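Numbering follows UniProt numbering, in which position 322 of the sequence shown is assigned residue number 322; successive positions increment by one, without gaps.
Just so you know, not all the hints are guaranteed correct.
The calculated label-pair distances, taken between Cβ atoms and stated as ranges, are [unchecked claim]:
(1) Phe476 to Thr229: 47 to 53 Å
(2) Phe477 to Leu256: 34 to 40 Å
(3) Leu382 to Arg233: 31 to 37 Å
(4) Arg233 to Thr480: 54 to 60 Å
(5) Tyr108 to Val79: 40 to 46 Å
(6) Ser291 to Val457: 43 to 49 Å
(7) Leu379 to His475: 33 to 39 Å
(8) Leu256 to Glu111: 44 to 50 Å
(9) His361 to Asn385: 29 to 35 Å
(10) Arg233 to Phe477: 49 to 55 Å
(11) Leu379 to Phe476: 19 to 25 Å
(12) Leu379 to Ala251: 45 to 51 Å
The hints are simulated quantities; they were obtained by calculation from the structure and are not laboratory data.
The model shown is predicted, which means the values in this text are computed figures rather than measured ones.
All C-beta atoms in this analysis are idealised placements derived from N, C-alpha and C, irrespective of residue type, glycine included.
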Amino acid sequence: MYISKINPKLIFLNVTEFYFIISTDSLSSLGVLACMLAGWPSSIKHLQSKEVMAKHEEKQQRQQSCQAVGAPDGGWGWVVVGALFMISALVFGLLRSLGVFFVEFVQYFEESAQAVSWITSIGVAVQQLLSPIGTAACNAYGARPVIMLGGFLSGLGLILASQATTLTHLYLTMGIISGSGWALVFTPGVASVMQYFTVRRSLAMGLGFTGVGLSSFAFSPLFQYLVQTYTWRGALLILGALSLNMVACGALIRPLGPPKVVERAESSSKSSGCGSFFSRVCDYFELSLLSHRGFLTYCLAVTFFNAGYFIPYVHLVAHSRLVGFSEYQAAFVISATGMTDILGRVISGWASDLQRIRTVHLLTTWTGLVGVFLLLLPLCSLGGNYVGLLAVSLAYGFCAGALTPLVFAVVPQIVGMECMLGALGLLQLIESVGGLLGAPFSGWLRDLTGNYTSSFVVAGGFLILGTLITATLPHFFSCTNPPPPSPKKKAKNECTEDGLLKQTFSADCEHEKLHALEDVRYSDRDSEKASYHNHTTEPGSEAEHVPLTADRTEAEGACV
1 MYISKINPKL IFLNVTEFYF IISTDSLSSL GVLACMLAGW PSSIKHLQSK EVMAKHEEKQ
61 QRQQSCQAVG APDGGWGWVV VGALFMISAL VFGLLRSLGV FFVEFVQYFE ESAQAVSWIT
121 SIGVAVQQLL SPIGTAACNA YGARPVIMLG GFLSGLGLIL ASQATTLTHL YLTMGIISGS
181 GWALVFTPGV ASVMQYFTVR RSLAMGLGFT GVGLSSFAFS PLFQYLVQTY TWRGALLILG
241 ALSLNMVACG ALIRPLGPPK VVERAESSSK SSGCGSFFSR VCDYFELSLL SHRGFLTYCL
301 AVTFFNAGYF IPYVHLVAHS RLVGFSEYQA AFVISATGMT DILGRVISGW ASDLQRIRTV
361 HLLTTWTGLV GVFLLLLPLC SLGGNYVGLL AVSLAYGFCA GALTPLVFAV VPQIVGMECM
421 LGALGLLQLI ESVGGLLGAP FSGWLRDLTG NYTSSFVVAG GFLILGTLIT ATLPHFFSCT
481 NPPPPSPKKK AKNECTEDGL LKQTFSADCE HEKLHALEDV RYSDRDSEKA SYHNHTTEPG
541 SEAEHVPLTA DRTEAEGACV
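Assemble the whole structure, with the sequences as input and the hints as a guide.
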């Protein structure tokens, strides 16, 4: 007789609690269907409140494990700088010295200068085009595994290139495979150094990028020796083995914290799978920056910098050979440029950290001087004047090295540290257009005119045009750095200019919603107990509760 009075709804509620303990990760659709068939909406709300509580606890644990760690400005950060030194040497130092192979490829494959120029251009373009993928993978998995994978791909591409029989093979191996590896190692390496340093960031970046200048000084004579001793095939095989050392460099990257966790807001109505995926992609790639006026202006300027920056390193050796200098004299021009490049990077980073002159003003000074020296480069080599060519090359190398660390140091001042990693990836994606078209265009001018004079003039024009575009940045003529505007607004509903809607909830609002759902849970349980004992609820008593619809309105409207 007593058993007959047991409320079957309470029995089912206990069963659903046991089911939820087994799997609190998600609400089973079969469990919800069973509740609906049984006619117990209160049990469904109980399961929903349990799910919200479990997700809230998981979110708190992730927030505690993902708390921001301050940049140490030293310590292991100098080891990370050393890793960036090797990475920059084996990526852009190698790209700068490929001019030694340029002459060999033209002679061996009997192709035009424009066709051979596509090898370097494809490699640079792929490295910059796939940089957002490198930053997104870095957000998801951390910099260490991404850099190690990129080091393996870059070495593999050069090893396969040593067996090439046509230019198409070189496009695929040196251009696409090695370029993909360079995309996975360079930007995560730069971002790792920037996360380890704040006060001495520009100096750390300059020291890390000295690997480019030092390798330019050492690689050109080394590559010339390897080509003459082992032919270009053996030289590429050795370069592939050297590039595999970037795997070890990636292992040295010790993360300051766990990978970025993209938090998604909980709402009463679940978003579609496609919308959720698109929102996550936008968060990983920082696509909200595409509506940032200052960032887009800077990307356009850097695109013109990139179009003219690599032209001397592709054609300077060939130009020196064309005007009558020997092979080793031509290779020494690149080496001398690399020496002053090292000095320029260190001095530029040190001057920027003094903060007496704004970083963006220093950047425009160096880019303007690079453009001027590129215009003077073919004029000083007329008539076999090797001293004049060497002097202008030294000045060009100093200014070209000085601008490199500042190009990346300006990015956090424009978008803030919060969006720095995604901004670096998008910046290199956009500037890849300049890297892809600059060298082939100068090669086409050489085929058209028969010399490299017009190529260097166009390269200097690209740098000067980019300098003028940089001067249109917001607050450019201000003497102090304005606070960087962040495209991520902490609001409940943020609609950016590119049409992307982001829904975020503050922590207080989240707690209010959880407490409201807990009130619904206990009020439903009280109603079940009242039904079991057949009590008559007195007005104002503790057993009285608001109807379910009112509770739902209160719970869902607490954060409106």
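The hints, checked one at a time:
no. : hint                         : result
1   : Phe476 to Thr229: 47 to 53 Å : holds, 51 Å
2   : Phe477 to Leu256: 34 to 40 Å : holds, 36 Å
3   : Leu382 to Arg233: 31 to 37 Å : holds, 36 Å
4   : Arg233 to Thr480: 54 to 60 Å : holds, 55 Å
5   : Tyr108 to Val79: 40 to 46 Å  : holds, 41 Å
6   : Ser291 to Val457: 43 to 49 Å : violated, 36 Å
7   : Leu379 to His475: 33 to 39 Å : holds, 37 Å
8   : Leu256 to Glu111: 44 to 50 Å : holds, 48 Å
9   : His361 to Asn385: 29 to 35 Å : holds, 34 Å
10  : Arg233 to Phe477: 49 to 55 Å : holds, 54 Å
11  : Leu379 to Phe476: 19 to 25 Å : violated, 31 Å
12  : Leu379 to Ala251: 45 to 51 Å : holds, 48 Å
Hints 6 and 11 from the earlier list are contradicted by this structure; the remaining hints agree with it.
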